[in-house]
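J.: Given next are the chains, with one letter for each unit.
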Amino acid sequence: MRFIFKTKYSQDINIAKHNGDRFWYSLLILIMVALPLVLDDFYLGEISYICILSIAGIGLMILSGYTGLASLGHAAFLGVGAYTHAFLLTNGIPFYASIPIVIIVSFLVGAAIGIPILRLTGMYLAIATLALGFIAEHVFIKWEHFTGGNRGLPVPQPEFLGMSFYDSVFFYYVCLVFLIAAMFAAINILRSPTGRAFVAIRDSEIAAQSLGVNLGLYKALSFAISGAFTGLAGALLAHYIGYLAPDIFNIFLSLTLLLLIVVGGMGSLHGTVFGAIFVGFLPQLIAICRDYLPSSIGSQPGLEPMLFGIILVFFILYEPLGIYGRWMKIKLFFELFPTYKRQTFKKQKVFTKSDRV
Amino acid sequence: MQLIQLLIDGIASGCIYGLVALGFVLIYKATETINFAQGDILMLGAFVAYSLIGIMGMDYLTGFALTVLIIAVFGFFLDAVVVRQIIGQPAFATVMLTIGLGFIFRGFASIYWGTDIFSFSTPFSGKITEFNGLIISYVNLSIIIGTAILMSALYFFFTFSKIGVAMRASSENQLAAYYMGIPVKFIFSLIWSISAGVAAVAGVLLAPITLVDTSISLIGLKAFAAAVLGGFGSIPGAIVGGIIIGIVEQLCGTYENYLFEGVREISAYLVLILTLIIYPRGLFSDKAEVKKV
Chain A
0 MRFIFKTKYS QDINIAKHNG DRFWYSLLIL IMVALPLVLD DFYLGEISYI
50 CILSIAGIGL MILSGYTGLA SLGHAAFLGV GAYTHAFLLT NGIPFYASIP
100 IVIIVSFLVG AAIGIPILRL TGMYLAIATL ALGFIAEHVF IKWEHFTGGN
150 RGLPVPQPEF LGMSFYDSVF FYYVCLVFLI AAMFAAINIL RSPTGRAFVA
200 IRDSEIAAQS LGVNLGLYKA LSFAISGAFT GLAGALLAHY IGYLAPDIFN
250 IFLSLTLLLL IVVGGMGSLH GTVFGAIFVG FLPQLIAICR DYLPSSIGSQ
300 PGLEPMLFGI ILVFFILYEP LGIYGRWMKI KLFFELFPTY KRQTFKKQKV
350 FTKSDRV
Chain B
0 MQLIQLLIDG IASGCIYGLV ALGFVLIYKA TETINFAQGD ILMLGAFVAY
50 SLIGIMGMDY LTGFALTVLI IAVFGFFLDA VVVRQIIGQP AFATVMLTIG
100 LGFIFRGFAS IYWGTDIFSF STPFSGKITE FNGLIISYVN LSIIIGTAIL
150 MSALYFFFTF SKIGVAMRAS SENQLAAYYM GIPVKFIFSL IWSISAGVAA
200 VAGVLLAPIT LVDTSISLIG LKAFAAAVLG GFGSIPGAIV GGIIIGIVEQ
250 LCGTYENYLF EGVREISAYL VLILTLIIYP RGLFSDKAEV KKV
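Residue numbers (numbering that gives the first Met the number 0), protein chains in the order written: chain A, 0 to 356; chain B, 0 to 292.
With the rest of the complex left out, here is chain B (with noise of 0.2 Å):
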C-alpha cells in the first residue's frame, strides 16, 4: 500500500519533469537545439500566474489560460527575435546563449517579483481524498489529469490539425517543408511557443506545491534526465521518463537508508548519467541513433 502510494505521488511530481522534457523535445526535435532556459520559462510562468491570480485576484482558470497564453507569445518572440540569429552557429554557441537567457530571466523575476517565496491559492490546495487507504491531494491529481488533458490535446494537435502536420514535416525535413510552402521560420517560433506554453502549464501546476520563488527554475535541470531517459526527440517518451524519474526520486527518498545519504537529490542525474552511459539512444527514441564515437 505504501508503494502505491509512493508511485501516485511519483507519478505526480514525475508528469511535470515530463512536461518540460515535452518542452525541450518539441524544439530537439524541430531545430536541434536544446534550450536550457526552459525551467526558468516555467518560473516565469508560475510567476505570471502568481501576478495574475495571486495579486490581481483573477479567476483560477481564466488567471490559467492568460498565463499560458502570455507565455506562449513570449516564447514565439524569443525565438523569433534572439535565438533565430544564431542559426549555422555550433551548437555550443546556443547552449550559451540559453544558459544566458535563462540568467537574464532569473535576474528579471527577482528584481520583478522579489526573492520572497510566493504563493497563490487554488481550488486545489488543501484538499485530499481516500480511496482504499490511499491518500491523493487534490494537487497531485490535478497535475495527473492536467498533463492529461494537455497530452490529449498535442496529440489531436500533431496529428489532426493543418499546422501540427506542418510543424511534424518542418521536424522531418526543413528544405523539403520549405519547398512544400511551409513558412518554416514562423513554424519554428511557434514551437517555441508551444514549448513556452507547455512550460507555463508546468509551472502553474506546480505552484501550489513548491510554491513559487526563484529556485523553481531548477526544474528544469532535472527534466533533462526525463528527456534523455525517453530519447529525446519522442514525445511520449518525454512523458514516461518523466514519470519514472518522479517514481525513482520517490523511491531513493524513501528507502535513502538502505543506499546512501541524500541520494535522493541526485538521483535524476545519476539515471541521465547511466542512460548515457548505458543505453544513449533512449527508451522511446525514434530511428534516429545517438551518434556514437
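So that you can see chain A by itself, here it is in the shape it has in the complex (with noise of 0.2 Å):
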C-alpha cells in the first residue's frame, strides 16, 4: 500500500500522483509510439478507430460520467464534426485549419443545444437529446447542400505535414497526437474548478448551487465541452470512414457511445480509453462468439443487437463501475494483500431523489 503525504494543495491536483504514474504512463506512451514497428496495417487501422472512439467517449464521459447528464443522441456531434470537416476540407480549407474550426463549431453546437434544455433534469433530458438525435439524423439527410443527403459525402484526404491521410502509419500518429492532447485538455478541465463545479453538479445539484455554481452556465458549458470533443473525434472519423453517410450517425452509434462509457467505467477518464478498446474489439467479439455458436444461431443478423443488450444489462447490474472500477478492485486487492475486504466497493444504496415537488 502506498501512503501519498501531501503538504500541498498543488500535490493534491498534480496530474501524476506519484513517480510510478509518471513511470507508466510514460512507457504507455512510448510503446503507443513504437507500435507501428510492430504491427501491420490492418491492426494500426483498428487501433486509430479505438483512438477516435477513445475521443469521443471523453466527450460523452465528461457530459455523463462528471456532470451526470444524461445524452442519447451523441452522434449528432459526432455527424456535425464530420460533415464540417469533410464541408471545410472540399472547400480548400487545409486540414490544421478545419480542426479548430470544427472544434470551434461543436462547442456552439453543444451550447445551442445546452441552452434551451438544460432546464431539463433526468429522465426529461434523455428524452430531449434522444429526440435531438433524431432530427439531426434527418437533417444530415436533407440538407443536401451541406451533407449531400443519401448520396453522401466523399471526405477529401489532403496532405498533411507532406503526408497523407492514406499513409495508416501517419494516420496513426495523427490519432495518437490528438488522443493525448484530447486527454491531457481533459485532465486540465476536471482538475480546474470548471472541472470540480461539473462534479459538484453531478453529486448534488442542490449543494452545487448553494456553494455559488451557476447551474446554467455550467450545464450549457458541460454539453458545450463535450460537443467540442466529440466534434473533434467526428473529424477524425470523416478521415477514417472515408465516405460519410447520414445513417451513419443514428441512435446505435449514440447507444454504442454510451456502451463505451458504461463498460469502461462511468466518471473516469481510463474508463474511455478501456471502453473504447472493448466497442472497438466488440465486432471482433462477436465474430468469435458466432463461430463457437450453433449455424442456427450463429448466422442470424439479429446476435449483434442482442449481445450488445445483454453486455449492457450485465454491466449496469453486476459491475457498474465498469472494466476501470474491476481494475480497480483487482489493484487494491494485491495492495492490501491478504487483508482486502469485499465491502470495500460494496454497492451503496441510495434514495431516488424524486424528480415530485
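Careful, some of the hints might be misleading.
What the hints assert, rightly or not - Pairwise CB distance ranges, derived in the manner of DEER restraints:
id, chain 1, residue 1, chain 2, residue 2, range
1, B, A175, A, E334, 44 to 50 Å
2, B, L133, A, I92, 54 to 60 Å
3, A, I92, B, I276, 30 to 36 Å
4, B, L140, A, N149, 32 to 38 Å
Claimed, not checked - Some chain B residues well away from chain A (every beta-carbon gap over 10 Å; in silico):
id, residue
5, T61
6, V164
7, I265
What the hints assert, rightly or not - In the EDC-like style, the derived pairs of lysine to aspartate or glutamate whose C-alpha atoms are separated by at most 20 Å in a straight line are:
id, chain 1, residue 1, chain 2, residue 2
8, A, K330, A, D40
9, A, K345, A, E334
10, A, K141, A, D246
11, B, K126, B, E171
12, A, K141, B, E255
13, A, K328, A, D20
14, A, K141, B, E260
15, A, K141, B, E264
16, B, K184, B, E171
Hints were generated in silico from the structure; no laboratory data involved.
The C-beta atom is built at its ideal place from N, Cα and C for all residues, glycine as well.
With the hints as a guide, dock the two chains, each given alone in a separate frame, to form the complex.
T.: Shown next as C-alpha cells:
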C-alpha cells in the first residue's frame, strides 16, 4: 500500500500522483509510439479507430460521467464534426485550419443545444437528447447542399505535413497525438474549478447551487465542451470512414457511445480508453461468438443487438463501475493482500431523488 | 372533408401512440423510472400474436387475449427479476438498463422469428366503410374502439377495484402504502405487467397497419412525445397527447409542401422538443411541476 503524504494543495491536483504514475504512463506512450514497428496496417487501423472512439468517449464522459447529464443523441455531435470537416476540406481549407474550426463549431452547437434544454433534468433530458439525435440525423439527410444527403459525401484526404492520410502509419500517429492532447485537455478541465463544478453538479445540484455554482451556465458549458471533444472525434472519424452517409450517425452509434462509457466505467477517464478498446473489438468478439454458437443461431443478424443488450444489462446490474472499477478492485486486492475486504466496493444504496415537488 | 378524413386517420395512429405512452405513464407514476423498452414490448406483442394467430391458426379474439396475457406475465417477471435489482441506483442506470433490455428483445425477435415482414389475417383487414363520403377502414375503427374499451376498463380498475386503489396509493406514497399493508413490490410488478399488457394490445391492434417486423419498436420513441405532451404522469394526458401527435403527424404529412420536406417523420420529435422548452409540465400534468433549474 502506497501512502502519499500531501503537504501542498498543488500536490492534490497534480496530474501524476507519484513517480510510479509518471513511469508507467511514459512507458505506455513510448509503447504506443513504437507500435507501428511491430503491427501491420490492419491492426494500426483498428487502433486508430479505438483512439477516435476514446476521444468521443471523453466527450460523453465529461457530460454523463462527470456532470451527470445523460445524452442519448451524441452521435449528432460526431455527425456535426464529420460533416463540417468534410465540407471545409472540400472547399479547400487545409487540415490544420479545419480542425480548430470544427472544434469551435461543435462547441457552439453544443452550447446551442445545451442552453434550451438545460432546464430539464434526469429522464426529460434523456428523452430530449434522444429526440434531438433523431432530428439531427434527419437534418443530415435533408440538408443536401451541405451533407450530400443520402448520396453521401466523399471526404477529401489532403496532404498534411507532407504526408497523406491514406498512409495508415501516419493516420495512426495523427489519431494518437489527438487522443493524448484530448486526454490532457480533459484532465486539465476536470481538475480546474470548471471541472470541480461539473462534479459538484453531478453529486448534488442543490449543494452545488448553494456553493455558488451557476447551474445553467455550467450545464451549458458541459454540453459545449462535450460537443467540442465529440466533434473532434467526428472529424477524425470522417477520415477513417472516407465516405460519409447520414445513416452512420444514427441512434445505434449514440447508444454505442453510451455502452462505451458504461462498460469502461462511469466517471473515469481511464474508462473511456478501456471502453473504446472494448467497443472497438466488439465486432471481432461477436464474430468469435458466432463461430462457437450453433450455426442456426450464429448466422443470425439479430445476434449483434442481442449481445449488445446483454453486455449493457450485465454491466449495469453487476459491475456498474465498469472495467476500470474492476481494475481498481484487482489492484486494491494486491495492494492490501491479504486483508482485502469485498465490502470496500459494496454497492451503496441511495435514496432515489424524486423529480416530484 | 379532407380535413376530417385526416383527423380520423390521425386519431387512429394517435391511439397507438397513446397506448404506448400510457405504459410509460403507469410505470413513471409508480416508480419514477422510464421504461425505454416499451416499444420493444409492443413489438414482442405483435410477434406473439403473429405466432398464435398467423402460425398456429388461433381465432383472432382468443389469440389477442392470450397474447396480452403472455406479455403481461412477461412484464411482471421482467420487473420482479431484473428491473427491481437496480432500485436505488441513479436514474441513468435505469435508462441504460431498459435500453439494453430493448436491444435484447429486438435481437431475440429477429433470431427467433427472423427479419422478414410478417402479417396475419384479422377480421378487420381490408374492409372499409363509407360514411358521408368519409372512408373509414375497419382497422382504424378497431384501434379507436379498442383504445376506448381499454381506457374505460382501466378507469374502472383504478377507481373501483381494490388492487387498482392500492396501485394509486403506492404511486402517491410508497412508504405510507407499505405501512397500510400494501405489498408495494408486488404492486409495482403488477403495474409493470399492466403496462406491458397495454403495449401488447397496441402491438396487436397496430399489426394490420404496419405489419409485423422488428422496426415497429421505434414507435416507442415517438410515444415519448405523446407522454411528455400529456404531462408524464397523467393517464388521460397520455391518450390525448398521443392523439394530438397522431393528428400533427398526419397534417404535416399532407401539408409537407407548405412546411419543409420530410417534416412528417420528425414532427413528433419537434413537438416533443417544443413542449419541453416552452411548456415542460405538459397539458394534463397533475400537481407535480417539472423540476426546473
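J.: Confirm or reject the statement that V164 of chain B sits farther than 10 Å, beta carbon to beta carbon, from all of chain A.
T.: holds, 20 Å
J.: K328 of chain A and D20 of chain A: Cα distance at most 20 Å?
T.: The given pair, whose Cα atoms are some 18 Å apart, holds under the 20 Å limit.
J.: Straight-line Cα separation of K184 of chain B and E171 of chain B no greater than 20 Å?
T.: Holds. K184 of chain B to E171 of chain B sits at ~14 Å (cutoff 20 Å).
J.: With a cut-off of 20 Å on the C-alpha distance, tell me whether K141 of chain A and E255 of chain B pass.
T.: Given that 20 Å is the threshold and the Cα spacing comes to 13 Å, the pair holds.
J.: Does T61 of chain B really sit off the interface, with its C-beta more than 10 Å from all C-beta atoms of chain A?
T.: Holds, since 29 Å exceeds 10 Å.
J.: Keeping to a limit of 20 Å between CA atoms, is the pair of K126 of chain B and E171 of chain B held or broken?
T.: violated, 45 Å
J.: Mind checking the hinted window 32 to 38 Å against the Cβ distance between L140 of chain B and N149 of chain A?
T.: For L140 of chain B and N149 of chain A the Cβ distance comes to about 37 Å; the hint holds.
J.: Holds or violated: K345 of chain A with E334 of chain A, Cα cutoff 20 Å?
T.: Answer holds: K345 of chain A to E334 of chain A is near 18 Å, not above 20 Å.
J.: If you draw a straight line from the CA of K330 of chain A to the CA of D40 of chain A, is it 20 Å or shorter?
T.: It is violated: about 34 Å lies between the C-alpha atoms, which goes past 20 Å.
J.: Could one say that the CB atoms of A175 of chain B and E334 of chain A fall in the range 44 to 50 Å?
T.: holds, 47 Å
J.: So the hint says 30 to 36 Å: do the beta-carbon atoms of I92 of chain A and I276 of chain B match that?
T.: Holds, since I92 of chain A and I276 of chain B (Cβ atoms, about 34 Å apart) stay within the stated range.
J.: Can you confirm whether the C-alpha distance between K141 of chain A and D246 of chain A stays at or below 20 Å?
T.: holds, 12 Å
Hint compliance for this structure: hints 7, 8, 11 are broken, all remaining hints hold.
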